[in-house]
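Engineer: Since chain A is already given, all that's left is putting chain B on it; use the hints.
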Amino acid sequence: MTETKDADVRFLMGNEAIGRGAIEAGCSVAAAYPGTPSSEILESLVRWKKELNHPIYVEWSINEKVAFEVAYGASLAGARSLAAMKMVGLNVASDPYLSAAYLGVRGGLVVAVADDPGPHSSQTEQDSRFFAWFAKTPVLDPGTPAEALRMTLRAFEISEKYEVPALLRPCLRVCHARQNVPISAPLPIAGVGPFKKDWTRWAAIPKFRLILHRKLNEKLSEMVRAEPECRPRLISEASGGPVAIITSGSVSSHVRDVAASDERLAQVDVYKVDMPYPVDAAALQEIVDSHEKTLFVEETYPVLELHVQDRRKVLGRMTGHVPPQGELLPDLVEDIMLSGLGAPTVAKPAPQIKARRPSLCPGCPHRPAFYTIKKVFEHAIYSGDIGCYTLGVNMGVVDTCLCMGASIGMAGGLARAPQGQSEHPVVATIGDSTFFHAGIPALINAVHTKAPFVLVIMDNAVTAMTGGQPTPANDYLADGSPGVGVDMEKLIQGCGVESIEVVDPYDHQALQETLERARRHTFDDGKGVSVVIARRPCVRMPNVEMPEERYEIGEECDLCMSCTRDLECPAFQYIKDDKQMVIDEDLCAGCGFCVQVCPSQAIKAKGSAHA
Amino acid sequence: MLEMILCGRGGQGIVFLTRMIGQILIAKGLDVLSSETHGMAVRGGSINSHLRVGPFHSPLVRESHADVLVSLDPGETANNIHFLKPDGLVVENSPLPDDPRTRRVDATRLARDAGRAQLENVVMLGFVSALGLLPVSADEIKARLAQDPRERVRALNLKALEAGVAAAS
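Chains A and B supply the protein sequences, listed in that same order. So in the numbering used here, spot 147 of the first sequence is number 147, and the numbers just go up one at a time. To convert, count from 1 in the second sequence and add 611; that's the numbering used here.
Hints should not be assumed to be uniformly reliable.
[Stated by the list, open to error] In silico DMTMM-like pairs for lysine to aspartate or glutamate, Cα to Cα no more than 25 Å straight-line:
(1) A/Lys576 x B/Glu674
(2) A/Lys354 x B/Glu751
(3) A/Lys50 x B/Glu762
(4) A/Lys354 x B/Asp684
(5) B/Lys696 x A/Glu327
(6) A/Lys374 x A/Asp335
(7) A/Lys354 x B/Asp710
(8) B/Lys639 x A/Asp8
(9) A/Lys354 x B/Asp678
(10) B/Lys753 x A/Asp331
(11) B/Lys696 x A/Glu263
(12) A/Lys207 x A/Glu51
(13) B/Lys696 x A/Asp335
(14) A/Lys354 x A/Glu51
(15) A/Lys354 x B/Asp759
(16) A/Lys50 x B/Asp709
(17) A/Lys348 x B/Asp678
(18) A/Lys579 x B/Asp684
(19) B/Lys770 x A/Asp479
(20) B/Lys696 x A/Asp331
(21) B/Lys770 x B/Asp724
(22) A/Lys50 x A/Glu327
(23) A/Lys354 x B/Asp709
(24) A/Lys49 x B/Asp759
(25) A/Lys219 x A/Glu263
(26) B/Lys696 x A/Asp262
(27) A/Lys354 x A/Asp310
(28) B/Lys770 x A/Glu548
(29) B/Lys770 x A/Glu585
(30) B/Lys639 x A/Glu51
(31) A/Lys354 x A/Asp584
Source of the hints: derived by calculation from the structure; they are not laboratory data. Just so we're clear, the structure is a prediction, and the values are computed from it rather than from any experiment.
This is chain A alone, in the form it adopts within the complex (with noise of 0.2 Å):
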């Protein structure tokens, strides 16, 4: 170890803190796929790793399910270990955690799980406490950073202690807020001893899972009889008065702070329960009996209302005083806790926000790409996948997004049903790393069932609409030791397809023809499925040159928009007062291609004679 200090104080964002939880709790074993708003927990792992040259394995693996599986087996081999992801990843993962929490853990097992309230980055607005809930897991949910490096101990412990995964699950305004937060030496590492061969529990048949069940649910309930944490507990002074607010997680925090501001919310006992699941029932209800009302503010799913029987003097999300979708923010949270008061709200004008929307990058790979697709396949469903290539939605060329794979899945039901299919051709755009992540059996499934769309992998070498985490084509691994970097020409060819080809976004006419070609095997030829790779590197990655080249626009411009309607490149600005497209040289990566397909041909190269 190389840290001096046994305690300091960091400026943590929640993410790093559960990060910073994991290490200290002694865990050895941490696999992740990449989701915001969950990235930086095992991002920050590798930090740590590196800072306290700490010996935890760290790793991206290839999906949410294959992470879980590897942090189970290091449970059973008697490893702490932590698995981590966004809340649509538990999805991905949640037949193994089910099954995991009948057949419990060995070592601390702590699934970490953000949240994304909103949604800001996300398709649900799923609570994983109700997931916990299903499954019949523990569930901590952190307030703030500080709570959540805490938390992330304690659910070691608990998961460790009842033998059955933990989830955390912290929110957006959580995972990325930031905070002063305490942290402490690192506890050495923690095992319970080598795997033990016990096939009635790791191996259970169906009879056994029965008794599996059955010890869950004491596991359960002596949780609620010996945690604190199941209990709700009194964050406010104890005012005596008529009205209690229970809540929990991050909106807490939010319902603290209103309730400090505000004098007419100085009578009310605010309580906020850290483990919403499995939660003492009976002690909900008692505060719910004691007082005139309660109002719960949770956030996304009454997960804590329901637990409560009598709850004919209960305000919350199955009452209507708080509502049923979006972000429970603080001013929002003012105006239910007010109302729920029986107080006056001040109405206030909704803020006027022309929010500026996100588009691919200047010099993006997937522009050209999408670009030429949309040329080549002019009246083509789009089918579309999750990454930053989902922006292909800006210039008309994602006509769908459901989830990660669903692009390939999709495609073969698109061109399968039996309307208009001659006129509307599919093509299937997604990413190397979504891929890797859930495209396979899809691909394997259309080029067995000779499932007739184009699919084109945007391939840029790493997952990079979450910071560029590497895939398993990388020769490296998350920490940066060496991997075997899988080849996804050789993999496709394994999945039978027999049109393969690569070709450069950057080189207009190559990937035209390319497009073109893949068009006459799939529709004109009828030979199923053709796969062509848009492959360069994402330039947001900081080995990546860009050249130094810089475009200006001449007087050949008729102001066609072509630039900023078709290609959308951000660095095109449109001058309303001088009627005149100019060219941001900040924001111009210099990567030209606008030059090999302005309409009127009237970008040059700066410094280069006009026409």
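Structural biologist: Below, chain B alone, put in the same frame as chain A:
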């Protein structure tokens, strides 16, 4: 106590700026909470950071509670103005002149003069700190930037900070 919003476009270094201010403040023993924007929005979309110094639990500034709104892109000021107190101050990256509620500095131009347009966040930091809007002085920020081990980054940052400080006087 201080509540502040920093806003701009993804890619302008808002997260870096918020983090650095927070780190300096906690080194002074203050309680700090901040909230960052990550994910899809950082690809050139509208982003903001919240910064709260004092006895808070939530990282988010409520409407009409911010003392200062620092805007790296004048197009984003209106999207965040609802956070500002009625007597709060806007500090904006813009070549236009000041008005009673807004102090302006052409941080993009000063950054380009200092070597790179991407330094506009550091110019802004120099300007804001020289206006006395942070519980930390320009000199303390300078000391922090001087710790950067990368020589070229260090030199550029210090130059940009100085340019921001000078613009405030």
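Engineer: Compare the structure with each hint and give your call.
Structural biologist: Each hint tested on the structure:
For a cut-off of 25 Å, the pair hint linking A/Lys576 to B/Glu674 is broken: about 33 Å separates their Cα positions. Pair hint A/Lys354 plus B/Glu751 does not hold up; C-alpha atoms about 36 Å apart against a cutoff of 25 Å. With a C-alpha separation of about 23 Å, the suggested pairing of A/Lys50 with B/Glu762 holds against the 25 Å cut-off. About 13 Å separates the Cα atoms of A/Lys354 and B/Asp684, which keeps this hinted pair within 25 Å; it holds.
With a C-alpha separation of about 23 Å, the suggested pair B/Lys696 and A/Glu327 falls inside the 25 Å cut-off, and the hint holds. Taking the CA atoms of A/Lys374 and A/Asp335, the gap is near 47 Å; set against the 25 Å cutoff, the hint is violated. Proposed proximity of A/Lys354 and B/Asp710 is supported: the alpha carbons are some 23 Å apart, at most 25 Å. For the proposed pair B/Lys639 and A/Asp8, the alpha carbon gap of about 13 Å is at most 25 Å, so the pair holds.
Between A/Lys354 and B/Asp678 the alpha-carbon distance is near 22 Å, which keeps this suggested pair within the 25 Å criterion. Taking the CA atoms of B/Lys753 and A/Asp331, the gap is about 36 Å. The hint is violated against a cut of 25 Å. Note on B/Lys696 and A/Glu263: the hinted pairing holds, with a Cα-Cα distance of about 19 Å set against a maximum of 25 Å. A distance of roughly 48 Å separates the Cα atoms of A/Lys207 and A/Glu51; the hinted pair therefore is violated under the 25 Å criterion.
With a C-alpha separation of about 18 Å, the suggested pairing of B/Lys696 with A/Asp335 holds against the 25 Å cut-off. Restraint check for A/Lys354 and A/Glu51: the C-alpha separation of about 42 Å exceeds 25 Å, so the hint is violated. With a C-alpha separation of about 37 Å, the suggested pairing of A/Lys354 with B/Asp759 is violated against the 25 Å cut-off. Of the pairs offered as hints, the one joining A/Lys50 and B/Asp709 is violated, with about 48 Å between alpha carbons and a cut-off of 25 Å exceeded.
Proposed proximity of A/Lys348 and B/Asp678 is supported: the alpha carbons are some 19 Å apart, at most 25 Å. A C-alpha spacing of about 22 Å is found between A/Lys579 and B/Asp684, which places the hinted pair at or below 25 Å, so the restraint holds. At most 25 Å may separate the alpha-carbon atoms for a hinted pair to count; B/Lys770 and A/Asp479 exceed this at roughly 34 Å. As the CA atoms of B/Lys696 and A/Asp331 are separated by approximately 14 Å, the hinted pair is consistent with the 25 Å bound.
Pair hint B/Lys770 plus B/Asp724 holds up; C-alpha atoms about 10 Å apart against a cutoff of 25 Å. Restraint check for A/Lys50 and A/Glu327: not satisfied, since their Cα atoms lie roughly 36 Å apart, outside the 25 Å limit. Pair hint A/Lys354 plus B/Asp709 holds up; C-alpha atoms about 24 Å apart against a cutoff of 25 Å. For the given pair, A/Lys49 sits about 22 Å from B/Asp759 by alpha-carbon distance, which is consistent with the 25 Å threshold.
Restraint check for A/Lys219 and A/Glu263: the C-alpha separation of about 43 Å exceeds 25 Å, so the hint is violated. Simply put, B/Lys696 and A/Asp262 have alpha-carbon atoms about 17 Å apart, close enough for the 25 Å limit, and the pair holds. Restraint check for A/Lys354 and A/Asp310: the C-alpha separation of about 44 Å exceeds 25 Å, so the hint is violated. A hinted pair counts as satisfied when its Cα atoms are at most 25 Å apart, and B/Lys770 with A/Glu548 qualifies at roughly 23 Å.
Under the criterion of a C-alpha separation no larger than 25 Å, the hint pairing B/Lys770 with A/Glu585 is consistent with the structure, at around 21 Å. For the hint pairing B/Lys639 with A/Glu51, the CA-to-CA distance comes to about 23 Å; that is within 25 Å, so the pair holds. Between A/Lys354 and A/Asp584 the CA atoms are separated by roughly 22 Å; this keeps the pair inside 25 Å, and the hint holds.
Hint violations for this structure: numbers 1, 2, 6, 10, 12, 14, 15, 16, 19, 22, 25, 27, all remaining hints satisfied.
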